[in-house]
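J.: Residue numbers (our numbering), protein chains in the order written: chain A, 35 to 436; chain B, 35 to 436; chain C, 35 to 436.
Bear in mind the hints are in silico, worked out from the structure with no lab data behind them.
Mixed in with the good hints, there may be bad ones.
It does not matter which identical chain is used: a pair holds within one copy or between any two.
Claimed, not checked - Simulated crosslink set (DSBU-like; lysine-lysine; CA at most 30 Å straight-line):
(1) 363 / 301
(2) 363 / 91
(3) 93 / 53
(4) 301 / 42
(5) 301 / 53
(6) 93 / 61
(7) 61 / 91
(8) 61 / 301
(9) 53 / 91
(10) 61 / 424
(11) 91 / 42
(12) 363 / 61
(13) 42 / 93
(14) 42 / 53
(15) 424 / 222
(16) 222 / 363
(17) 301 / 222
(18) 42 / 61
(19) 363 / 93
(20) 424 / 53
So the chains spell out like this:
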Amino acid sequence: LDDGFCLKTRDGSSQFHLKGLLQADYKTYDYDLEPAGIGTDPGTDGFDIRRARLIAKGKLSPLFDFAMSYEFQGVSSRRLLDAYVNARIHDVFSLRAGQFKEPFGLEALSSDSDLFFTERSMGFGLNPGRDVGVMAFGGFWDNALYYRLGMFNGDGMDDATGGNVDEPEVCARIGATPFAHAGIPLLKGFHLGASGSYQRADANTVSLDISTAGRTDFFSVATNAKFSIIRNCDTLIRHGADAAWTYGPVALFGEYIQVRYDDIESKAQTFDAEMTGYYGAGAWIITGEPVLVSQGAIQPVIPANPLGDGGYGAFGLAFRYDNFDAGDKVYDTLVFVGDSVREAEAITFGFNWYLNQYARFSVEATHTTFDQPLLIYRDSSTGTSLYSDKEDMIISRFQLGF
Amino acid sequence: LDDGFCLKTRDGSSQFHLKGLLQADYKTYDYDLEPAGIGTDPGTDGFDIRRARLIAKGKLSPLFDFAMSYEFQGVSSRRLLDAYVNARIHDVFSLRAGQFKEPFGLEALSSDSDLFFTERSMGFGLNPGRDVGVMAFGGFWDNALYYRLGMFNGDGMDDATGGNVDEPEVCARIGATPFAHAGIPLLKGFHLGASGSYQRADANTVSLDISTAGRTDFFSVATNAKFSIIRNCDTLIRHGADAAWTYGPVALFGEYIQVRYDDIESKAQTFDAEMTGYYGAGAWIITGEPVLVSQGAIQPVIPANPLGDGGYGAFGLAFRYDNFDAGDKVYDTLVFVGDSVREAEAITFGFNWYLNQYARFSVEATHTTFDQPLLIYRDSSTGTSLYSDKEDMIISRFQLGF
Amino acid sequence: LDDGFCLKTRDGSSQFHLKGLLQADYKTYDYDLEPAGIGTDPGTDGFDIRRARLIAKGKLSPLFDFAMSYEFQGVSSRRLLDAYVNARIHDVFSLRAGQFKEPFGLEALSSDSDLFFTERSMGFGLNPGRDVGVMAFGGFWDNALYYRLGMFNGDGMDDATGGNVDEPEVCARIGATPFAHAGIPLLKGFHLGASGSYQRADANTVSLDISTAGRTDFFSVATNAKFSIIRNCDTLIRHGADAAWTYGPVALFGEYIQVRYDDIESKAQTFDAEMTGYYGAGAWIITGEPVLVSQGAIQPVIPANPLGDGGYGAFGLAFRYDNFDAGDKVYDTLVFVGDSVREAEAITFGFNWYLNQYARFSVEATHTTFDQPLLIYRDSSTGTSLYSDKEDMIISRFQLGF
């Protein structure tokens, strides 16, 4: 029962695992609504099923393994997530084909259930995310140095159909734990990563949605905002860098991502558009369980004394500062003002109770400030619009993952 | 193989069950169509996949268990049904979080596959149904008295987004088998239940759909019917009471549900809207297998001599009278006349053949009468509308559940 | 591990199988675009998840078994595929109820993962496909002669709601391996099949979509094309005949299908509409593994020396000619010219590498010619339309099925 519920053949050469993930949330929000006195209650508090996933993984021979995962929750969010096959040719060179996460970013490549926070940072929307394609990957010196290099459609998951350029997007990531074998305990858990992607883009590819930890969209690129219907776009380039340091029950980590669209053509002009996000975060498991970053992904915390059997599980604290910033050119041209703001920053304090290996309860508070008022609520019958330049949110989450 | 196909760890502390439910129907309808002579064939006869579900259940420690079920059938009906976690703290106090059925009603809380009828009574649409939230539950004296008390979003399943009031709906149920330990065989199987729900409502919450056993919608509340666009609504209150008596192979049971919207505001007026449904039913297993109601849910019939091995399974008969009645105020204001009728009553005779523990074949006839003609069929090219004040329906269902 | 991952009870009387199918494609296209010089890049090259399916099968007693399969890929393609129960009464007479493939055609009834080609022939769209209903089936002389006879809604899968005629569609198939027991090796693998379907149709039933091996739609029947809104239709009749001959590692097979709508009524006229498709194909497993057609379905190729263990798997070649032809009446009345062409023919060369029992890698080239230019790409901003009278396509597919 280490990796879901498992069926094996007698010799262990073939295996099939069934895994699941369930997250049940309760969220409550607070805004400084303007104009004051009119609006009252944007009605956003409530319970939510955030994720309800089943994952099937298997190994059919030493050479081939596969994974499929499906999100069952939500009319618009339910979809096939992962569906890929690995050909394990050699430690330094294997192949993956199908739909999976493009190799970009520490936070994006870490499993959602393993993160120290309930939601990813605001810059998460700058990552390429899942896409359909092929990828080569491998590692050296016991994965002290590893690489991933892939080609993808460049328009997101199979369901999506943005972009009609024939050439694939190229996405690569390289990571290292340079002191892994140096014998210095304090530096052993130091991890560096760099990611990049390049694609020839077109008008359909110019699309981005950024949201707060409360899942409020606050920045959406629209191809027909203002007077500027986008006619064409040349390239879409992403850069990212991340660093993490773990030492016993403590982790410090941060990440920077930049996205640039070059030569967006509208009727009036041709311009470049740039957006950046970054965060710095720390986590501490009070009860002393170790935290690990391995192959560019945060690993799950396993409580030493699970609830029951006299134990109370593990307890952890986490803190994050994160920031999103869109260039003036993007903001002046590609968004609807009010629906989008140009800058946001947020601080998050989280408390995690790891009840046992499978269950976790989190309580987290996030304070997000915008550089100008954001539309929070529009009453469709009266036409009243309410704005706020901050969002305070408290979330409680019960997570069960096996 | 008692509860689906099961995987266990060696010590039995963790388990994973896979279960399924498949229902294949053939239905044939008869109407008294008006105007006579024009319309002929509303074309409603046919085969149908009614349910195709997979259910995953599991126990991860003595403390935590979970359930997920998904409906795979139908573009508009496929969705996540259950997705919840139980924390089994104590017999008298446990917690459930996620999406599940609100604790309301005997018929609604009984599993569809265990009912004596292919479809629930007309009042079923008055139940709150599944919603996202948390619930406390427990029982006393070996569950001779049990309670459930929950808070929910109050707008139905996760997919739905009715209502934008911040306060949760409260729903509670209490049930008892008062003579469970009294040593009187005739009274042992007597069960009483009462349910109630309360929520602060708004215009978006005013929504109801009621259908016959033939799944013909005959009463739909529309927020903009007639001249009365609903601007606001104050509260939504549901009451329910149910009783069941089982003795050997015989069951008698009935239920009453009332739903009231208070202070619905339209342009012209403010009024209350009230709808009620009730039924009385009986079932008899001719071959003598016992029928049970336990913790407010009808339990499955297990044939003593399954088909094959010289047996022929179990045979049962069932009868139901049910009634739906909407108040004048609702009918005059919130429905489109013709699409909706104010009153309906139905009688159902059913025959069930329980082939074995998993398979069941049912043939059932329902005669439904409406207090005025209901729109049955509208030909989109000619514009002809056909009405009927009754619906006769015969359904054959093959059900496989494991 | 012969039939997916399997759970059994100790006595083997009940079983549950979990199976999966994953196909990851890369496709590249070439057209002769007209008008030349304007259009450049229809942007159709790319990666694709073609199928991502989970299949649950089980046996609950010697009498009952069931199957459910679900396509998880694609917003518009994900749906319940199979959901049926078999009652295994006797070798010569069993019953099936639920949703499953109507008994029509060799290619349609063969599992997609077992075909020698990545996509079925153009005439595939003439098959009735999956539908909801009941079917009797059985075989004689060890299935040397077999039959299937079913009744169905006649409007496709449960999701679909075409047709509002009460009477079911009847679909039948008969097949034989006449020399199965004759002791002549050369003739043992000779298989003949014939299929037919009949339904009373109406205007909603008149619907067909035909596509190339590159999945480009090139013929779509529209009920309101041109001046001819279809008001009614009398019957829909399908005929099909197929033959296959296998001898060791060689297979030759072909099929002919005709679809006819009788008495289509539009405002101006009443006419019949007829469409036909046929193909001839051959396959050769170079490494000598046998190919089989059993009960009217092509069986999977099992490599004798799987990759690893010193082996390299099995290699195969395949060739197909296929043709689609719509009658003049259909073409003049029921299609939008440009979006649809009247005739197409295609040749396909394929190479298959069966890595092991589960994994296959295919590279295939198809050259399709149309009798007139087909609309390939329409630029929504400039309004430019590009046409081509041929399509060249190369597809690479990695398939994992267990």
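J.: Does each hint hold? Answer for all of them.
T.: Here's how the hints hold up against the structure:
{"no.": "1", "hint": "363 / 301", "verdict": "within (15 Å within a copy, 46 Å between copies)"}
{"no.": "2", "hint": "363 / 91", "verdict": "neither (45 Å within a copy, 52 Å between copies)"}
{"no.": "3", "hint": "93 / 53", "verdict": "both (14 Å within a copy, 13 Å between copies)"}
{"no.": "4", "hint": "301 / 42", "verdict": "neither (61 Å within a copy, 65 Å between copies)"}
{"no.": "5", "hint": "301 / 53", "verdict": "neither (51 Å within a copy, 53 Å between copies)"}
{"no.": "6", "hint": "93 / 61", "verdict": "between (39 Å within a copy, 27 Å between copies)"}
{"no.": "7", "hint": "61 / 91", "verdict": "between (32 Å within a copy, 26 Å between copies)"}
{"no.": "8", "hint": "61 / 301", "verdict": "neither (43 Å within a copy, 34 Å between copies)"}
{"no.": "9", "hint": "53 / 91", "verdict": "both (8 Å within a copy, 12 Å between copies)"}
{"no.": "10", "hint": "61 / 424", "verdict": "within (16 Å within a copy, 48 Å between copies)"}
{"no.": "11", "hint": "91 / 42", "verdict": "both (12 Å within a copy, 18 Å between copies)"}
{"no.": "12", "hint": "363 / 61", "verdict": "neither (34 Å within a copy, 37 Å between copies)"}
{"no.": "13", "hint": "42 / 93", "verdict": "both (9 Å within a copy, 20 Å between copies)"}
{"no.": "14", "hint": "42 / 53", "verdict": "both (15 Å within a copy, 14 Å between copies)"}
{"no.": "15", "hint": "424 / 222", "verdict": "neither (40 Å within a copy, 60 Å between copies)"}
{"no.": "16", "hint": "222 / 363", "verdict": "neither (43 Å within a copy, 74 Å between copies)"}
{"no.": "17", "hint": "301 / 222", "verdict": "neither (54 Å within a copy, 71 Å between copies)"}
{"no.": "18", "hint": "42 / 61", "verdict": "neither (41 Å within a copy, 35 Å between copies)"}
{"no.": "19", "hint": "363 / 93", "verdict": "neither (49 Å within a copy, 54 Å between copies)"}
{"no.": "20", "hint": "424 / 53", "verdict": "neither (38 Å within a copy, 47 Å between copies)"}
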